[in-house]
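Protein chains in written order, with the numbering used here: chain A, 71 to 621; chain B, 59 to 233.
Calculated directly from the structure, the hints in this document are not laboratory data.
Incorrect hints may have been included.
Listed next, the stretches of chain A that the computed footprint assigns to chain B, with coverage defined by at least 3 CB atoms under 8 Å from CB atoms of chain B [to be verified]:
1) 126-134
2) 197-205
3) 372-386
The calculated lysine to any residue pairs, modelled on SDA-like cross-linking and capped at a C-alpha distance of 20 Å, are [claimed, not checked]:
4) A:K201 <-> B:L84
5) A:K477 <-> B:Q173
6) A:K127 <-> B:L76
7) B:K184 <-> A:V219
8) B:K62 <-> A:I202
9) B:K110 <-> A:S381
10) A:K420 <-> B:K184
11) B:K64 <-> A:V219
Glycine is no exception: its CB is placed at the ideal position from the N, C-alpha and C atoms.
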Amino acid sequence: MSKIKCQCGHENPFGTVLCEKCGRPLTDEAKKSEMVDMRYEGSARRSQTYKKSVIDKVWNFFSSVKIGVSIIIAVLATSAIGTIFPQKFYVPVSGNDPSEYLEYYERLYGTVGKLYYQLGFYDMYNSWWFKILIGMLGTSIIIASLDRVIPLYKSLTKQRTKRHPSFMKRQRIYGESKVSDSDESLKNAEKALKDLHYKVKVEDGAILAEKNRFGRWGPYVNHTGLIIFLLGVLMRGIPGFYVDETMWIREGETREIPGAPGYLLENVDFSVETYSKDKADEVFGEALDKNGAIVSEFKSDVKLYKEKEGSLPGSSDVEFMKEYPIVVNKPLKFDGYSIFQMDYKTGELKTMTFSLMNKKTEQSVGEFTIDLNDPANDYDLGNGTSIELMEYYADYDGIVDGQPSSKSPIPNNPAFIFNMKTPEHPDGEKSFVAIRQTLEVEPNDYEAKFLSAETRDASGLTIRKDKTLYILLLGGIVFMIGVIQGSYWQHRRIWIQKGSDSEMLIAAHTNKNWYTLKKDLDKVKEVATLPTYTDKQDKEAVIDTTEGETK
Amino acid sequence: MDKKKKRLFIRGAILLVLAAAIVFALTSKKETKVLAVGDKAPNFELQDMNGKKVKLSDYEGQGVFLNFWGTWCPPCKKEMPYIEKHSKEFTNKGVQVLSVNIGESEFKVNTFINQYGLTFPVLIDKNKSVSRNSYNVVPLPTTMLIDKNGVIKQIVTREMSEAEIVSLMESIQPE
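The shape of chain A in the complex, shown without the other chains (with noise of 0.2 Å):
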């Protein structure tokens, strides 16, 4: 494409409006009109220039700002359907099953439902389309921002001080008139200026006085700070960055942290404390008693365990790093990862004591306590007595197949085949003993009588660790900077200069704020005789006018 040169001399790329340089229209629709849109300097937007190869095809859509507009309602729209009926995270159904999510969905909120869930809104910020959506998003902001920052900033920093008539002229303020003498209030305007902490360039009878250039950048900044966070939220893809997980575990047992992998919790102790009337202040009394316990504390005792350098998966081969009570909003931390306490279960059977009865005499020969997660072989209780541990059945279903059998390995219904060894029968009396149940081949003359059990507790923990959060915060801080940057800050621009004889002219423009815009104005006319300039936007003259470039 051919550069456009101007009359004065420099060279603008194709698609120019206003010369970099001297502000003269270059295009006829801006020789005709009265007043230039002066959004980006007149510069050449590059997504206005090229069309040819698809690159740049794909380039200019995503350029557009009305495609961009598009894309954020798209996104808005689609965030704010995803917010009418519970997402697929929250609704509770077990497993993975989709006809019992269908189901869910018909059943609570009818047809709606089922075409929420049919057309996949049930769980959409995870879904293909949405995540694309996203991706353009991101996509516009990048492109749409870069195709107007360069061009900007290479007409701001190429600008003359002395304009062209014909650019002044088309500024929306504008005066010109005769003074009397021009090179005193070209200097007295300056120094009022300068005191009006204008940055001032005075050349060949001209003055450029600038403020706040730095405003323009705001809302570029504020897209790079936009960018950040969607650069964060994209890094919790990458394994090691982001863990979100969950576990259960017993108290007494050793598991593999879901999510950090190479390190092992031990689950020592489980407890619920409840305000005690002794222990609280005097004034909560009255509400405990009228409302029975109330908790105030979750805790998990847990050890923590790491697996030595080089060992594998399953040895024993661990090292132990630190004890720790998780109490709610105090996790247990290490290497960045935090373990929450959020849940608990009671009442799982953890042990069951036994005393062995002689049926006639009814007299307890002795006690013995079985561990009903690892069980032992033999139980002596001395005397010549002992009971031998034949079959154990952990959560006990009945006969399957002429066998007796269990149906987890969770012991929620123990059943026990034992062999017991008196001195009256050395070789043993069998006894099938299960809860509320037992079962002799022929009558025995000892029973194992059920005394107590001991329950044991599960702690529901949370695993988090998330390395994004920092950048997570920077975007918003970036973000937060651009905003305030591109609001608090106008960046204002006059020109004065002088024209043929003893004329003298003068053009203003701000991308903000016009109203203190001509209070400056006012000023500098105080001190130096200048021409009076119109608005030619304020039709009825002294109205504040403070919409200018909206972003």
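Given chain A's structure and the hints, the job is docking chain B onto it.
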């Protein structure tokens, strides 16, 4: 470089990076990795019933018939006698049976071994770290067929018939 080419190159590069980011967002999943056929079988170290440490890598150069089971699981009980029956003849052909019990008590496992007369190494995965974390075993029984190079050839997540067991063992037999 000519300006037009340079522009095309820069734009292409930026678009490519962005497209890659979107593809990454679509493909990266937080779900735990699941072993698949063709993967290298993760090495592990577990103790057998005599307290001897057994590593998967001890059997390099042999096929390994890796069976995960529980004493309470009915299909495990059904297939176990067939596995036992053929394990001996295949040991001589270079196929080793390793069975991993998922975190049950020694008492239960010992009774089971005695009841079924098992002769191959039975390992207890006490912390469930091998079965749940490394191998991500969900249903029981699960059997992994590992060839002499330590590569998973097949994953069976249901009860196997006697004929199946024989043909699976043959499939990982080193020549």
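> With a cut-off of 8 Å between beta carbons, are at least three residues of the segment 197-205 of chain A near chain B?
Replying inline: With 5 residues close enough to chain B, the hint holds.
>> Would the hint linking K62 of chain B and I202 of chain A be met if the CA-CA limit is 20 Å?
In response: Outside the cut-off at roughly 30 Å; violated.
> Between K420 of chain A and K184 of chain B, is the straight-line Cα distance small enough, at 20 Å or below?
Replying inline: 17 Å, holds
>> What's the verdict on K110 of chain B and S381 of chain A, does the C-alpha distance respect the 20 Å limit or exceed it?
In response: 16 Å, holds
>> Tell me if the straight-line CA distance from K127 of chain A to L76 of chain B falls inside 20 Å.
In response: 16 Å, holds
>> When I compare C-beta atoms, does the segment 372-386 of chain A have three or more residues closer than 8 Å to chain B?
In response: holds (count 6)
>> Check the hint pairing K64 of chain B with V219 of chain A against an upper bound of 20 Å on the C-alpha distance.
In response: Holds: K64 of chain B and V219 of chain A sit about 19 Å apart, inside 20 Å.
>> Just to be careful, I want the Cα atoms of K201 of chain A and L84 of chain B compared with a cutoff of 20 Å; is the pair within it?
In response: 7 Å, holds
> With a Cβ-Cβ cutoff of 8 Å, does the segment 126-134 of chain A contain at least three residues near chain B?
Replying inline: Since 3 is at least three, the answer is holds.
>> Does V219 of chain A sit within 20 Å of K184 of chain B, going by the straight-line distance between their CA atoms?
In response: Judged against 20 Å, a Cα distance of about 61 Å means the pair is violated.
> Given the proposed pairing of K477 of chain A with Q173 of chain B, does the C-alpha separation stay at or below 20 Å?
Replying inline: Holds - the C-alpha atoms of Q173 of chain B and K477 of chain A are around 18 Å apart, at most 20 Å.
Of the numbered hints given earlier, the model fails hints 7, 8; all others are met.
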